[in-house]
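Construct the complete structure from the given sequences, taking the supplied hints into account.
2 protein chains.
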Amino acid sequence: MAKVTPRIQAGFMELLPAQQILFNKMMKTISETFEEFGYAPLDTPLVENAEILFAQIGDDTKKEIYRFSKGDDDLGLRFDLTVPLARYVAMYGNSLTFPFRRYQIGKAYRGERPQKGRFREFYQADIDIVGSGSLSLVNDAEIPAVINRVFEKLQLGDFVIRMSNRKILSGLMEEYGVGEKKDEVLRVVDKLEKVGWETAKQMLIDLEIKVGEAEKILEFVKTSGSNAKILEILNKMEIKSELFKMGVSELAEVVEKTIKFGVNEKNLQIDLAIARGLSYYTGTVYETKLLDERVKGSVCGGGRYDDLAESFSNQSFPGVGVSIGLTRLFSQLLDVGVIKATRATPAKVLVIPMEANMSFALEVAGELRELGVPTELYTEDDKFKKKLMYANKIGVPYVAIIGEDEVAKKKVSLKNMTTGKQELLEVKMVAEKI
Amino acid sequence: MAKVTPRIQAGFMELLPAQQILFNKMMKTISETFEEFGYAPLDTPLVENAEILFAQIGDDTKKEIYRFSKGDDDLGLRFDLTVPLARYVAMYGNSLTFPFRRYQIGKAYRGERPQKGRFREFYQADIDIVGSGSLSLVNDAEIPAVINRVFEKLQLGDFVIRMSNRKILSGLMEEYGVGEKKDEVLRVVDKLEKVGWETAKQMLIDLEIKVGEAEKILEFVKTSGSNAKILEILNKMEIKSELFKMGVSELAEVVEKTIKFGVNEKNLQIDLAIARGLSYYTGTVYETKLLDERVKGSVCGGGRYDDLAESFSNQSFPGVGVSIGLTRLFSQLLDVGVIKATRATPAKVLVIPMEANMSFALEVAGELRELGVPTELYTEDDKFKKKLMYANKIGVPYVAIIGEDEVAKKKVSLKNMTTGKQELLEVKMVAEKI
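Residue numbers (UniProt numbering), protein chains in the order written: chain A, 1 to 434; chain B, 1 to 434.
In case anyone wonders, no lab produced these hints; they're calculated from the structure.
What you are looking at is a predicted structure, and each value in this text was computed from that prediction instead of being measured.
Glycine is no exception: its CB is placed at the ideal position from the N, C-alpha and C atoms.
Take these hints with a grain of salt, some might be off.
To be verified - Within a straight-line C-alpha distance of at most 16 Å, the following computed EDC-like cross-link-like pairs (lysine to aspartate or glutamate) qualify: (1) A:Lys229 / A:Glu256; (2) B:Lys3 / A:Glu256; (3) A:Lys260 / B:Glu355; (4) B:Lys222 / B:Glu180.
Claimed, not checked - Take a look, some chain A residues computed to stay more than 10 Å from chain B by CB distance: (5) Asn24; (6) Thr29; (7) Asp43; (8) Arg87; (9) Asp158; (10) Lys191; (11) Val195; (12) Val211; (13) Glu242; (14) Met246.
Shown next, in the form of structure tokens:
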């Protein structure tokens, strides 16, 4: 029979069991932390009507959508978790209770040209707090508090949540009389770190911003110092724009509240260069970076938006949220060795029967599971050496050997696979030991 | 601005938060049980090359596939989790350790005509044990042991795992000299419960089975009694077919071992009418039914197969596995009221600050989370009544009210939302109480 070559598409992450166990552990830590703050889980279809997906995106993203038809339906795979949330809130608004805190960890799709570090199928882990009509600024402080706790628990080393408020730069543009160009300017600022000062300056000049003002903008977003220092500088600036003043006042309040939420000051840094490319954001914006220099780029980003579902509803749903790019983060961590896959089994012990009649071995395995120990049974009639080799390969920490002697004594020979130490124990003792 | 009507495709299950929490709880129970037996998690792309999907399916299923192209690639959404497993095992065989125990809980897609109880996007929860070259019969007994534990833990009432071995009926066909028709006969037997005796008999006659033999086949598969009784009847039958004898002997061994795995005899019933439609299965076959009559049909099914990856590899990978149709099961349980959605939040307590300065409330929320209590904070500046109404609507079991008094005393007024009882407590006591 002719064989089909087994393969997957480039840009689709697929893991071996030991890596998958690590990835799932990371997802579990994240979802548990989200739930710790009262965010409800959400799960929406991977497939949306194309009209929904296309409602509020640019042409570049449109091209990347996996689009298809089935019968008369024009469909596509979702490219993020925000559009489905907007559609969901507009659709079920009357059955939801606001403020609505939801998290969603799921796959999204962008058919980009595959390249190192870019994925076509990728997990995002999103939280959002959505209000109906209004939503207080406390929520802008809760989001970084959740992210802070997530990255503390993930134990990936030091990290910093960089924060700004888009009203500040937008207000500055108003002050310079180029308020209508604020979205373009914010996009340039967003790229500053990547393209460098000179290129960013030229990009601003190309937007017909005067040279002097372009330099002022770039100097402004590079303002550095402690959070208190930057706020002091902002407060002292003689800017008349109400938008600017509101931005500064919001930023000050959000920083203060974030610290009150228990976030260590060293993990939170005002950074006026944080702009987020999307015109979607209207206030607070965040980006989080790991300080480990091997991990490139922002690992999560988000912010405040005035109206989540404007394409789908006449009701106003302001919100604030953040998204962790899980697949990209995990793939980098694995590549550079920050995390290491070790065990290819969730079992803590492998029961190895040495006799064809497995009665006692089955009993032991059942008892261990009852006692809460994840237990795998070696089922094949192989030589002892092969059985131990299997245990070594899957990285199980203990094996419980059950031969004639053990059956007679109703005990188990427990071998610690790290130390090699072996002892004869009763089943209850095995559970305690592990 | 013209609005796009928010909507999803028919046949796609989408849940409100309280239902989603229930669904996730069910998924968690299932995945934890799979891990308790040492099955490693697997996650494969939703999108596969069409050639992979088409490698071993019939024309009916082909038509149901969501198929699309991106650039030069001919792609489709997976329609089950078995084809991806076959592709995975063929692709990474050299990096895996056999027997390979994996579970996968994920979505699959079939673009059927939508109708009540049929889903186009649905979760399956699969376990399989895959061997390289060979796989012992003990594994056929482990699978129902896992399923038994899953349904015990799900607490959906009594259930029965019905078991047979396809070699038995196939052997009987050999005996009747119509061995080449065994797959068609097995498909008729598989439909017996649904179509009834007379129709099934006619279907067999249409296959050019003699009337007398058609009746014998149907009488045979209706053999009832205890497992011991049925095995006794099978052993006493004077059938020369070696295949038949092997089937009976395998069935006897699998039943015996399944009981030794700790499965209660009342949950395990030999049923010779269990045939499974797919020609894919070659030995043991299972189906599980809930005894609650409101839940229709089989909730999970599976069996033994000789060669998992025959379309993708020259290596032989025999295996045994089972699949739970999670979306269909959940949707039925919810519809008939076996399970009920109550809480729309994972939080156990809602902290309600009564003052604009939330300092103490934020402190309390943080402390409760540190103590392991999922805690939501009410962030909006609303009237007390509205805050309590919110608590009622999301179904949170406790609220912690923090007003002037509480701030002064550094305590919390904890209200039990079920009993209405309220007491002034220290934060540590709140954590203990909840």
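For each hint, the structure was consulted:
1. A:Lys229 / A:Glu256: Cα-Cα ~13 Å, so holds.
2. B:Lys3 / A:Glu256: Violated - the C-alpha atoms of Glu256 of chain A and Lys3 of chain B are around 38 Å apart, more than 16 Å.
3. A:Lys260 / B:Glu355: holds (15 Å)
4. B:Lys222 / B:Glu180: violated (23 Å)
5. Asn24: At about 5 Å from chain B, Asn24 of chain A fails to clear the 10 Å cut-off, so the statement is violated.
6. Thr29: holds (14 Å)
7. Asp43: The assertion about Asp43 of chain A is violated, with a minimum of 6 Å to chain B.
8. Arg87: violated (5 Å)
9. Asp158: holds (20 Å)
10. Lys191: holds (28 Å)
11. Val195: Correct as stated: the minimum Cβ-Cβ distance to chain B is 29 Å, above 10 Å.
12. Val211: Per Cβ check, Val211 of chain A is outside 10 Å of chain B; nearest 38 Å; holds.
13. Glu242: holds (22 Å)
14. Met246: holds (18 Å)
Violated hints, in rising order: 2, 4, 5, 7 and 8; the structure is consistent with all others.
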